[in-house]
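From first to last, the protein sequence lines stand for chains A and B.
Letter by letter, the first sequence follows residues 1 to 93 of the numbering used here.
Letter by letter, the second sequence follows residues 1001 to 1569 of the numbering used here.
Just so you know, these hints were derived from the structure itself, not from any lab.
Just so you know, nobody snuck in bad clues.
If you want a taste of the chain A side facing chain B, the calculated C-beta under 8 angstroms gives, among others:
no., residue
1, 45
2, 64
3, 80
4, 82
5, 83
Since we're looking at a predicted model, the values are computed, not measured.
For each residue, glycine too, the CB sits at the ideal point set by N, CA and C.
The lines below spell out each chain.
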Amino acid sequence: MIYLVLKRCITTKSTDSNATLIDMLPGQTGIITEIDQGHGLARKLWAMGIIPGKKVVKVSQIIGGGPIVIRIDAQELALGRGVANRIKVKIEK
Amino acid sequence: MKKVVLVGNPNVGKSVFFTRLSGIYAISSNYPGTTVEISRSQISREGVKFELIDAPGTYALEADAEAERIAGKLIDEADIVINVIDAGNLERNLYLTFELLEKKKPMVIALNMWDEVQKRGIKIDLQALAKILGVPVIPVVATTGEGMKKVIQALDQAKVPIFVPSSHQERWREIGQVIQAVQSFSYQKPTWTDRLKEATLSPFSGFLIGLGVLCGVFWAVRQIGEGLINYILDPFFYRLYHPLLVNLDRYLSFSPFLRTILIGHLVDGKIDFEQSLGLLSTGIYIELGVVLPYIVAFYFILGLLEDTGYLPRLAVLLDGFFHHVGLHGYAIVPTLLGLGCNVPGIMSTRVLESKTERFIVSILISIAIPCASQQALIFGVLGKYGIIPVVLVYFILFLVWIILGIIMKYTVKGYRPALILEIPPYRLPYWKTLLPKLWLRVKGFLKEALPIVSLGIIMVNLLFMTNLFPYIAQVIGPFFQKYLGLPSEVSLVLVLGFLRKDIAMGLLAPLQLTVKQLIISSVMLAMFFPCVATFMVILKELGAKKLIQGTIIMLFTSTITGLILNLVL
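Model the full assembly from the supplied sequences, consistent with the hints where possible.
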């Protein structure tokens, strides 16, 4: 029973809208739904074109605690894990 | 005189644009943040003079980073703003454009990298864009100079924009509308750069390629440097320059003083380029014959690496590793530059956002990153004993870098911002930007090094003539003998190494040291006080307090390392 609940939690996590860039797999596409407000951070991301509603492709996740690489339009961006964790996405496939 | 300010996102080619427009070379690379100092120049067109100012790249005007503040101030003082845009990234670039529109300054928009846009099958309706925004829009290719004349002509037509964006919340929606009105795509096959992009950032092949590139860099620098020495410089110095000096030596026989200063003392009755220690013998030879070829080789390869756009990818790959020493992957850029000369390395720490990070990187560079002069010294004194002692010195310095980094991570408190880095597309290096950059850096080295080396050599000779040398050796020499296992003369070499490390090589050579002593001396010379120039740049960039803190760390670390090496080796 507990196992089932846990399993359900894990499986829903990656598909519901609370997933973050970290939860995406390389090659997956998603739509940014929300950026957790952190002082200054959201504004910087906003100016760089990382905004809710944008389509995002996860390119890579560097091993050893390295950054997440994403592509928005034709632009590739690297984001530290702390930042990536605050960008919520709806994963498409 | 009208002030014209170039404004744009990082890495849209403002510096190349500036160079093209003014004819004055500004260093540019294919990664964000190359312009850390503001370049200014004057251009005149039909008798009308303009002052051209290259502002640091910025994404927005209201944010609180240093670059954005400077850009904002420059725009407020400007008469005309040229907004340089990466045409291949129109949508994102328009965010800054919209902020500029609000400033109500006469404006011209230059759509740079127009050739790439066409290759990628992006169509931009220039007339529609100019009509919506109400300012002239000119397509340019700054690297080749295409369209630059039109930009200068358009300065007269610079207009206060008619389009005023509504509110910040609405901004991206409005940009979206503009984009829909002016831009369309046609399908394009993935190119080789697309495949390379994937490979260099994938977790597995990315690291392999990164390792390959770093090894390749060292290999290529060594090959080019040695090639220059063996085929050009040594033949020149030994066949042409040496006989010239011999004649001069005879001619100078009337004045022993001048002879000592200019030619130095003879070794076995001959002028020895490495040991004579004269201004025209050792001074010229070590600078131009030993260090310069490696400087040329290093900056050539670095320039290639910069212009292709590989460096930011290396930064991304190394980010996880750099976190262990409390830094960002982007610290690789100043560190690599430091391998050429610590001065530009420390200057380029301005791309790092926090003061704490700048301090740590600067100290790590000045202690554990050997500059080209230091490397020439390491190879010069240890090369004849094979590759193992040389590698050992590099390994020891790397170890010091890691240990000191980890210690500073936990002891130096301060703000460390999150990594947000734009990765530029791959580009083929263009010789018209590559070669001037190389020349500028080599010229900088010569201007910096030659006077100080000359001064150092004169000082060495004067010190030899006075009693100061034996005095210094008496005071600190015993410590060197007892704890570091080095003859007391080495203490003098270290003291003089403060001027420039290049001089030290000529001083170490005649001391007949063992391999172990040479390894300890090389490591300590690299770690001990940086040269005068590095010292000054730390003072300028970080202030006196940080410099004193740094100096204490340097003295402490180099002594400890020397003590340990003497016990372990």
